[in-house]
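Participant: Now for the letters of each chain:
2 protein chains.
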Amino acid sequence: MGRLECRFCEKDFAYDPFSPFCPDCREPLLVPSPEKPRAFHPDKALSLDRFREFLPLPEIDPALSLGEGSTPLLALDRLSAKLGLPALFAKNETMNPTLSFKDRGTAVAVQNARRMGFKRIGTVSTGNMAASTAAYGARAGLETIVLLKEGTPEENILMAGIHRPRLIVVEGDYGRLFRESLRLGRKHGILFMNSIDPFRIEGYKLTGFEIFLQTGGRIPDYLFLPLSSGGHLVGLLKSFIELKQLGFADRIPVVVGVQAEGCAPLARAFAAGAPRFSPFENPGTIAHAISNPHPPAGNLVLKMMKEQGGLITAVSDREMLEAQGLLASEGLFCQPDSATTLAALVNLTRSKVVPRDAAAVLVVTGSGLKNLKVLEGSPLPRLRVTLAGLEDALEGRTTDA
Amino acid sequence: MGRLECRFCEKDFAYDPFSPFCPDCREPLLVPSPEKPRAFHPDKALSLDRFREFLPLPEIDPALSLGEGSTPLLALDRLSAKLGLPALFAKNETMNPTLSFKDRGTAVAVQNARRMGFKRIGTVSTGNMAASTAAYGARAGLETIVLLKEGTPEENILMAGIHRPRLIVVEGDYGRLFRESLRLGRKHGILFMNSIDPFRIEGYKLTGFEIFLQTGGRIPDYLFLPLSSGGHLVGLLKSFIELKQLGFADRIPVVVGVQAEGCAPLARAFAAGAPRFSPFENPGTIAHAISNPHPPAGNLVLKMMKEQGGLITAVSDREMLEAQGLLASEGLFCQPDSATTLAALVNLTRSKVVPRDAAAVLVVTGSGLKNLKVLEGSPLPRLRVTLAGLEDALEGRTTDA
Numbered sequence: 001m002g003r004l005e006c007r008f009c010e011k012d013f014a015y016d017p018f019s020p021f022c023p024d025c026r027e028p029l030l031v032p033s034p035e036k037p038r039a040f041h042p043d044k045a046l047s048l049d050r051f052r053e054f055l056p057l058p059e060i061d062p063a064l065s066l067g068e069g070s071t072p073l074l075a076l077d078r079l080s081a082k083l084g085l086p087a088l089f090a091k092n093e094t095m096n097p098t099l100s101f102k103d104r105g106t107a108v109a110v111q112n113a114r115r116m117g118f119k120r121i122g123t124v125s126t127g128n129m130a131a132s133t134a135a136y137g138a139r140a141g142l143e144t145i146v147l148l149k150e151g152t153p154e155e156n157i158l159m160a161g162i163h164r165p166r167l168i169v170v171e172g173d174y175g176r177l178f179r180e181s182l183r184l185g186r187k188h189g190i191l192f193m194n195s196i197d198p199f200r201i202e203g204y205k206l207t208g209f210e211i212f213l214q215t216g217g218r219i220p221d222y223l224f225l226p227l228s229s230g231g232h233l234v235g236l237l238k239s240f241i242e243l244k245q246l247g248f249a250d251r252i253p254v255v256v257g258v259q260a261e262g263c264a265p266l267a268r269a270f271a272a273g274a275p276r277f278s279p280f281e282n283p284g285t286i287a288h289a290i291s292n293p294h295p296p297a298g299n300l301v302l303k304m305m306k307e308q309g310g311l312i313t314a315v316s317d318r319e320m321l322e323a324q325g326l327l328a329s330e331g332l333f334c335q336p337d338s339a340t341t342l343a344a345l346v347n348l349t350r351s352k353v354v355p356r357d358a359a360a361v362l363v364v365t366g367s368g369l370k371n372l373k374v375l376e377g378s379p380l381p382r383l384r385v386t387l388a389g390l391e392d393a394l395e396g397r398t399t400d401a
Numbered sequence: 001m002g003r004l005e006c007r008f009c010e011k012d013f014a015y016d017p018f019s020p021f022c023p024d025c026r027e028p029l030l031v032p033s034p035e036k037p038r039a040f041h042p043d044k045a046l047s048l049d050r051f052r053e054f055l056p057l058p059e060i061d062p063a064l065s066l067g068e069g070s071t072p073l074l075a076l077d078r079l080s081a082k083l084g085l086p087a088l089f090a091k092n093e094t095m096n097p098t099l100s101f102k103d104r105g106t107a108v109a110v111q112n113a114r115r116m117g118f119k120r121i122g123t124v125s126t127g128n129m130a131a132s133t134a135a136y137g138a139r140a141g142l143e144t145i146v147l148l149k150e151g152t153p154e155e156n157i158l159m160a161g162i163h164r165p166r167l168i169v170v171e172g173d174y175g176r177l178f179r180e181s182l183r184l185g186r187k188h189g190i191l192f193m194n195s196i197d198p199f200r201i202e203g204y205k206l207t208g209f210e211i212f213l214q215t216g217g218r219i220p221d222y223l224f225l226p227l228s229s230g231g232h233l234v235g236l237l238k239s240f241i242e243l244k245q246l247g248f249a250d251r252i253p254v255v256v257g258v259q260a261e262g263c264a265p266l267a268r269a270f271a272a273g274a275p276r277f278s279p280f281e282n283p284g285t286i287a288h289a290i291s292n293p294h295p296p297a298g299n300l301v302l303k304m305m306k307e308q309g310g311l312i313t314a315v316s317d318r319e320m321l322e323a324q325g326l327l328a329s330e331g332l333f334c335q336p337d338s339a340t341t342l343a344a345l346v347n348l349t350r351s352k353v354v355p356r357d358a359a360a361v362l363v364v365t366g367s368g369l370k371n372l373k374v375l376e377g378s379p380l381p382r383l384r385v386t387l388a389g390l391e392d393a394l395e396g397r398t399t400d401a
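Note that the protein sequences, when read in sequence, are chains A and B.
For the first sequence, counting from 1, position 368 maps to 368 in the numbering used here; every step adds exactly one.
For the second sequence, counting from 1, position 330 maps to 330 in the numbering used here; every step adds exactly one.
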């Protein structure tokens with residue numbers, strides 16, 4: 001691994017595993033896009049092998065993989081008909097080893113960690129990334145440190161904890177913890193693969209490549225995904241930029257990053273036409289997985305979205321819960337955070353920003369099983385009967401719901 | 001779909017969607033194995049398409065699929081080294097759409113339901129099958145009825161309920177409910193696709209075919225899977241029997257069905273050399289997903305295992321929790337029910353029934369996220385520090401766990 005580039009300073013720098021930020025402007029650094037033609041290898045079993053020519057890894061060690069990626073792209077025909085959106089698709093990232101898109105990034109970051117000889121890795125997270133990093137760290141036999149915020153729900157701790165990382169609950173500001181983890185990582189030789197690790201972002205690219213192959217080489221008109229730290233969105237944008245640069249495609253989709261209204265620093269900056277965001281004060285939303293008031297790749301997202309013609313928007317908690325139910329009516333059970341994508345599509349077609357007949361892919365990022373609590377507020381109707389009363393219940397002759 | 005066969009009576013019968021049982025002996029009926037050479041289509045995206053020549057479906061409707069199957073087969077190298085078992089593999093069925101192997105069976109059963117023109121489907125379940133049937137029923141736009149036992153945990157109801165099936169909680173004996181569902185299904189035109197539906201069992205076959213292709217055509221020496229109603233095990237045995245009959249392989253693996261000691265009617269009958277089991281009185285185990293005191297395919301399992309040289313064993317709750325931790329130490333998070341497989345392998349190699357150097361595949365059937373409660377008893381060690389104390393904690397200089 002040689003050099004990383006800063007898209008703000010238009011310079012490149014030697015790769016420093018302990019700082020994902022530009023030494024000059026403090027914005028995130030990225031792996032430069034490949035310049036020479038590359039080929040896909042769709043016959044390979046591992047997603048990392050299929051796209052290895054697009055990854056900054058000299059080789060792929062299958063022993064570090066948990067079989068991430070190669071997730072289905074589903075045509076949502078019934079929902080299309082119901083909503084009057086004729087070309088609606090879902091890329092189901094919940095079907096990753098730890099049930100979220102994070103695994104794609106962790107898989108590449110762990111390949112990098114092992115190649116560089118690290119014995120210890122770490123992450124700062126409250127949810128999906130903690131479970132993902134703990135699982136891949138265990139798979140690789142690396143000592144894994146998970147730094148948690150005070151007040152992290154016990155279920156989230158269990159999902160990471162089962163893999164026996166070192167769990168450290170840290171009191172204090174989350175943004176400062178992010179920076180402190182990198183400083184201490186350098187001092188003690190721990191590779192902290194946080195949300196915007198450049199290798200993590202390379203892993204997210206593979207989702208875009210898969211969509212491209214799954215649609216038979218057609219680029220969707222719109223691509224919706226939840227927007228939090230910005231790493232996932234940058235990775236997906238990067239995949240389509242590379243497809244275009246390398247001559248595979250003649251355009252890129254309009255990428256739509258969706259935030260929760262209760263924590264929408266980037267949607268606010270985008271609406272104001274500002275090149276930089278301000279931290280979001282007093283965030284409050286049920287969508288914990290995308291509630292980042294100070295997204296580390298926020299300014300990079302604003303810059304790239306402006307260059308590429310993307311959109312950033314926000315939806316309410318009520319809208320995302322409604323959309324979660326709509327996706328479930330087609331058999332998909334996702335976190336409300338992931339359902340922001342459908343909620344935004346519904347809003348933007350209603351306001352005619354997005355044409356109804358546009359081909360739209362929703363990136364469904366995490367399983368609903370990770371956050372059952374949000375469902376507890378709306379109890380499910382059910383009948384209670386004896387065996388003798390079952391026939392009446394089946395025929396709707398019992399109304400005691 | 002023409003006829004089904006009874007392996008006890010050695011007769012065949014016209015397919016009756018409302019009864020999976022032989023009219024003569026009341027044992028489960030199976031789809032006859034194909035006799036003419038068949039081919040795989042590994043280039044296809046859908047698992048159902050890859051193996052369509054082995055399925056009793058004239059065509060596959062992709063709109064009914066949720067992208068089930070094509071799950072990873074992982075070499076567990078570090079666990080192999082730790083346990084002294086040099087050829088240990090896991091087939092990770094938790095990476096199905098609703099996080100369990102049930103989806104493979106539901107996918108085929110729903111294709112059948114739609115082809116036969118059913119508007120209503122149903123299932124009798126307390127866990128994985130309820131969520132799976134509700135999701136696929138929603139995907140297919142079918143009215144879906146989920147019959148639940150009184151006392152089913154609220155999380156399990158939420159996982160199925162999100163897809164808005166008709167939930168009916170039925171008081172009374174579970175075995176009687178199973179039979180009553182079929183009787184009422186016939187009367188009211190509802191296809192109840194319960195655990196031993198013959199199309200469901202055909203879906204489970206695909207796991208065996210995938211293992212065969214993933215190992216490059218080598219048949220593993222041993223195949224471990226949890227054993228409850230018997231449908232899954234019959235499906236897997238059937239896949240290897242068909243591979244042998246059709247000349248793809250010259251032997252079948254020793255299939256090991258694993259029960260929980262707290263509900264082990266088939267392990268008990270197997271140990272006694274009995275051709276038929278007796279219902280298990282007063283079952284009690286944390287492994288709810290495999291706690292079936294009166295397995296409907298129980299006698300068929302005993303017969304087929306005897307014919308094919310399989311084994312049935314049981315493990316304790318403590319052993320399966322230990323094995324759950326071992327699998328998590330390699331990055332896999334499964335239900336304790338699924339970890340019975342590793343627990344059994346450890347026991348059987350210790351007692352020299354299974355040679356240590358045998359190639360063994362564990363079928364990991366369901367995600368640990370479905371049953372977080374079992375983990376709540378063993379709190380995870382964690383440090384609590386302030387930002388200023390983080391460095392000491394990282395270096396192990398803080399012991400306040």
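It is possible that some hints are incorrect.
Unchecked claim - Examples of chain B residues toward chain A, derived with CB under 7 Å:
1) 66
2) 151
3) 180
4) 330
No lab work stands behind these hints: they were computed from the structure.
From the three backbone atoms N, C-alpha and C, an ideal C-beta is built for every residue, glycine too.
Participant: Are there hints from earlier that the structure breaks, and if so, what are their numbers?
Facilitator: Number 2 only.
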